[in-house]
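Got chain A sorted already, so can you dock chain B onto it with the hints?
Protein chains in written order, with this note's numbering: chain A, 1 to 1075; chain B, 10001 to 10414.
Source of the hints: derived by calculation from the structure; they are not laboratory data.
Beta carbons are placed, not taken as given, at the ideal position from N, Cα and C, and that holds for glycine.
Every clue listed holds true.
Here are a few chain A residues that face chain B, going by a calculated C-beta distance under 8 angstroms: (1) E755; (2) S861; (3) Q960; (4) T1051.
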Amino acid sequence: MKRRLNPYVLLALALALAYHGVLVYSTFRRTYDAYVHIFFGDHYARTWFDHWDYRWYTGFPLTSYPPGSQQSIGLLSKWVGLEGGFVLVQLFAVLMVTIGIYRFSKIWVSEEAAGYAALLTVFSSSITETIHVFGQLPTTFSLGFLLNALAFAHRWFKKGDPTMLLAAWALNAATTAGHHVTTLFGAVFFLGPVVVLDLVDKFRTPLPDEPPQHPGKVTRGNLRPLLMRRLRRIVPVGLRTGLYMAGLGFILVMVVLPYWLWSKDDPISQVPIPHSSRDSFLENTAAGLVFWLIPYGLPLVLLPYVVYKGLATRAWPMMLSFLLLFLLGTGGTTPIPKLLLRGSFDILTLDRFTFWATILMLPLLGEFVVSMRHGRLAKYIDEQFGRPTRYTVSFLLVVGYLIVSVFTANLTYFRRFQPAAIEVQPIVNFIEKDEHWRWRYMTLGFGDQVAWLSAQTTATSVDGNYHSARRLPELTTTPVERLEGAKFRGIPGIGSLQQFLAVPEKYNLKFIFSNDQFYDPLLYFSGWHRVQRLENGIMVWEREGIPPLPEVLPRKEIPLWQRFMWGIVPMGAIGLALIVLNLVFWSDYVQRLLRFLGIESLWRKLRQKAEGNFIQRLWNWLDGYMKRWSALPTNDDSPVTHWQVWLDWAARIPRPQPVSPSAKTVRSGLLAVLAIGVGVMVLNRYLAQASDPIKVIEAYYDDLDFRRFGEAYQRLDPENKPDYDQYLLELSINGGLLASYAKLDAVTAEILTIEPERIEAQVNTIWITAVEEYATSRLQTLVKRNGRWYIEPDSVDVRRAPDVFIRRQEVEWLAQGRRRISTGPTDYADILDRPLIQVISSRLVQVGDRYHVVGELINQSADPADVTVTGYLFDEQGNILSWYNAVRGTVHKVFPYERVPFRIDFEGVAGSVLSDAATAGEFAADAFSPLDLDSPIASFQVIAQGVVTARDLFRDVAIQDVNISLGIDGQQHIIGNLINNGTVEATIPQVLVTFYDETGQVMWVDDEFVDVAIRPQLMQPFDVQVTPPDSIEVLLTNKGDRPLMEAGERTPLLPDIGYNSMQLNVRYFVGAVGS
Amino acid sequence: MMRWCLLLIAISLGGCNRGNVPATPIVSLTGELPLEVPRIVRAGEDLNIRVGPFDEADGVVIELMMLGGLSTQLYQATVTDDYASFELGETATRWSGHWTLIAHSGEAEGRASLRIEPAEPVSPMTVLVGPRSVPLDGESRAMVVALPEDSYGNPLLNAQSGRLQITYPDGQVKEAILPVRNGVGRAWVPGGSVSGRINLGVGIAEAVGAETVLEAVAGLPNAIEVLAEPAESLADGSTLIELRTQPMRDAFGNLLVDGSLVTFRVEIPGEEPRNLPAYTLDGVARVPLQAPGRAAIAEVRASVYTITSEPIEVYFINSVIAEGFTLRAIVLPEESAILLVTSPIQDQRGQLVRDGTLVDFTLRDSRGRLQQLQGVTTGGRATVEIRMLTLQVGDYTASAVIGDAAASTTFSVR
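Chain B with its partners taken away, still in its complex shape:
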């Protein structure tokens, strides 16, 4: 038990150490503390503040608190010769704005206001422009914004107006005033009439920003002209011809910006219109057009936004020679099937039609019942297989059609 008691006493003694207790002031001040503070100082300037006078208060510690929007600072001074003097340097006055000074000692407190104004603007100034590209349509414009700051980063809320120099791509230079309000200098920049880079220079007092670039791009095209190369092609359902526009320029003669979307509209009799998207490169939009499977005259237009071209005509002519192939029925008894095979099919130029060209087959029995089949050409020939199981005893007529050409044959099932 004695050991326990000793242990408890030791712990208690250790826990009762109160540490350092601050000394109490010699004299307690009461009432309002008088503050001598300049109303306005510039950022970075020295600031001298006196609190007093006091009677017989030498040695009393006065605490001074500076409350600002961005920070709170605390200083301490001792009353000497009836005054407590605070000589504050650049660190205390680097943030511009309204500050509240509170001095207190014991129960006594005094308050004063101080305005720290920003110093002269310094380079480099932040200059922004947006949007960074402006279409030359006579309406669109960009805005240049400058944020003047002093060397401590304080914004110049009511700085003097600055100057804006605009150098257009054609070398033309324009000067304008850049008014500054609420710490922001801003001005509109019209696009001008020539596409290219517009260089912007901004200056406020002695401060300047880095040169800023704005891109002037062409507005909507004045007119669109469409071409087809070649203007005539085989209607083989495969060949590609190129549709393109002439270089598109806006009202000022500038080429349409690269990547602008152009839609070609192709109207072919017998099918719904085709919309072919393309985009411009050097003012020209190109897109391939695949020939239809049957002869037709196509009408082609191109449009950008609301601007549409005049139509042009593209001619697609028959691709296969009429009556230019034969059809044969081959019986495969082991496979229990009949093959319908065409002879090699040639196009107008005497060449075999492309592999994969569709051929429509029709099988008609003696009662006139039809069976539709479709084959594709390989090496110029098209083949379809008919299962014997699907056929009844009787005579059959088989035909194959491609474009305007056709062939037929007959066979009997016994």
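Isolated chain A (complex conformation):
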């Protein structure tokens, strides 16, 4: 009889193709992982058999990730491009999962329910999220093969058909090629229940030749026969399971053998990367939404039914697996996952468990649909609430299920996980121009689009988007996934980034493409300057004096056979699996081929021969032995004892009787009232927040932080607020570090005075910037109007600049670079001069546990210089112990005859200290990694080198009204005003204070950023906390230095300050230049 195809499956496949096919092409660009897999696909498209890619992390091995899905992209990209390849492979994976769910469901539930399960799969929020939010291609790719493999494995266990075994193995090999972890965990959570089910089924099913009689009671006499009888039933399944598992283990190793060899030979010990799926979802509700609530979606309300149905039917092994996955998926919400997983807890991403749990729910959800349509649930609801209620509930469930799916698919629209799409071609053009690919680059604020950029070029980056392959210790010792999103990873993140920016020559890092102005202050004050803004809005930053990459870059080789294996076996496994899946179409031809080659007859002969071989005889003997031992004693007349008492108890529970039509109406009405009541409660809770002044303040600052100026304006006192345009104007002129380059981290408010209609509160805010963490405190007044609290608008700055129109003469410089348009190497004569920089004085000092070199230098040439000051520490033998550049403690762009201070803050490798890693997620931009020295410091050296520059030469901010006073913290403070005499806004000013001793040697250099921008001809106050001189221990002074005592700019200080004199310098970042 010809098999009838389940119509629901065909419908599910069509819907999957239509629904995900339409969506995925527009959503994959905003997902987390899609571009990473595309990048890998690009690698295979360029060099299929090369295991090494230089483009990320200074080079990494591709053998560190199973290549199946990515090689598929690479293969298809020849015809449809990389993006098209990704979309096609993802669609293929979705179809495979849909078919797989159907086949897998049939193991547990009815054919009809399995069909519904396939339909539910299409709109499952977890599948949708995995595809359209996470972009996890290998997960879906391998899951499809795994689910299909289980159906074949189940048939093998049950029937012992060897072709089923081979098919299951082939599909397992493809699963492994796509994602080995799926095979590994799938064996526990998916295969395990199937094995248990088959064992239990066999255990309970008498064999045809088994003695028919069964005792009513287990006695000592019949115990052995009964045990042997059941053992005989399950031994074949057990042996088949053993054989299958052995083959599975072999496949798991062989298909991705180079991966296992890599992980054995080249283990990179890395600090685990924090993942929100390990958080407590009650505290981190956003993580709870993304990693728990959305994956389960609407079926969460059906969880009681699913658990009951699972435990009460033959699906209980699967339900136990589900419950375990459910627990593990709760992350840090309960301590159980950590207890169960122990050390693995910090490595695994626990959302995967939730994903698998949702997959295991699907067969039972299919059963729910059957029950709601014409099963016991339908009967119950019809009897108790009436058919209209059932239809209404069913309708609402279906609509809700679809809405959750559509919402999830478009989640990246509502809540952006990635920056807006970046047109990478201008960046690629820049890299190709003037041989810029000879240096490494880095991106900032690109999100996962960094992978898409990398796929378009062969230029190399120190960063990457695949943390397992990180090799530089600055990265592997920190929980930083990507430098380019360092701000999201607290001090280990920003610390790592600072190191790369401070000593870029170590990594041949010359260009940074920035899409996030948050990092601008850090870049500028680390000595970088803007080159140009590309037509896609990306700002290009450059550092002078960086050597180009060597011609030959290091790589870690593997044997040639491994490279061939990596290029052939995984794709071969996938190809074989596809053939197996389509065997129905090929089987006739294959049989003919086998017949032609004589293999079929050979196989038949072998089987015939095997039937009489030793193993067969041994089995026959064993089976006969067990069969004989299964015979019950002839005198067994034990009475039947009914021991399953809970069945009796369950039977005593009164069943609800059908109710009258009026009762149904009343019940349905009550149900509707309950639903409306819950809605009203939620609304009330929301409205109550508006009458809490503290909440109003928090909401106001939150609105400002997220640039929701309209909402913020609505929270201002309606009787005193300016009109909206004036409000926006006042906000727009308040530039600077906090207003333009900071992120609000925390806001707390404390009520100081309360009047009936007026409240004065102290608002404390903590702001995160790339260079410092700022805590501010200010008074805010709230007034009550019509029962609601409003914020009194800030007083307007009424100061006026002295002049209406300003004339300024300026010197402009231009570094031509190449004077002739040519694609060849730069002419010798066009290479810029290196100005003469003299180090006037330098000292090695220690403050706390940190080493610094402080001093002064002067630009003695007639041209402005871009200066890099490097300090070296040596031991007794003259070996370099450490070296570092001056970053925020100096002025990098130096005018002719200008004297500037420098302070080199030596650092160890960021995050190398365990305590640093422990603070992951907590932001402290000014924290540092202590230096780890092998031997004592014997000497030091300072080398200052410069290149003629024409960029960022601003000196129009002056210092006035300076006073030294004792602050409320008990420390000396230098306070004063900065006045901007120029014609452009000084966006982020920095004050550097150089302190001298009586010999004119620099003792220390303090610095402080001013958090508000200074508009032309206006002033802003500054406050620098003085480092106490007794905390500075002078270790070494360079003998050859010649301090300039006669220089007139120093300000003598009173003896109680502890320093002899001081000098103030100002440098500032101008935000508008080049934009």
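Chain B only, in chain A's frame:
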């Protein structure tokens, strides 16, 4: 089974094809091969090499390998009339340097040395100068470097000395010898005494380079003179006056190079000195100075590197007329507040003070307790708000101070 056998046989036959095997030599030579090679040739000249003589070795192939620092060349010749002759042309001799010639055939091998000397230098020659600007301080100088090469790009390691012609901005021309050592001709170029472009011409034999330019810039200024315009201003905390230097010249009278940093130092009694950075344009540095809030005499200096000017004095006089305004307390019962408002405040010229001018308010109760407040002027008036909640029953005296001017008022709380 037969089909399998046929398949295997076909594959085996295909795999056993050995391809072309080179022919073995007719005669095998042994021992050392004699080479006739000139010791020195010039780059680009023909080179004739003979290997031999041999007895009855005609037809034997001799391979000749030329090993040099930049390349390895391989040639082949057959022994004819007892010699194998290699007639090599320009391609073989284009790279200068020491070469090792190795001839071999079978087990036999012979070696010889050859030096290829560079040909005559050709134009244009690479001429570099650094630094490209030199301060005229009597000490600083630049270096000109010439890299003579022949037409094949070979450096002339020991070329004859060249000549250097220096044309100063004042038209003065100096000739100097440019010695060449290790392929590099170099010489120091002093800055002279006049700022401007110094043109450098270099020649070695018949080769010349493109004219190279060096910029002579002024050295440190001889003296600095500071001016203030105007030299007297209102002490209103706002007005800007301009500080500038006279055109600064070095010892030779050249104007200081544009962009040189000058620091003005302003000392005002009662506050720490101000350092105002500025840079030169046409020898003059300018910077605005904002008037202090109180009357004072400021002392101003300017310095470049270690050179400092004599100080000048700038006068800042009182800006507000003493007793020139009044203070009023206004009760706002609905707002539960008291406003302290000044009358319009005028400056010495009879004009309203600028918006944003700070006014210090003091509130004193009958027990002498003080409350300090600060307001800013808008339209000449300054206002502060006092919450009734912060006041107790009693009499209060409020005062407002700006510069040397003050006003006060009293009010009672019941």
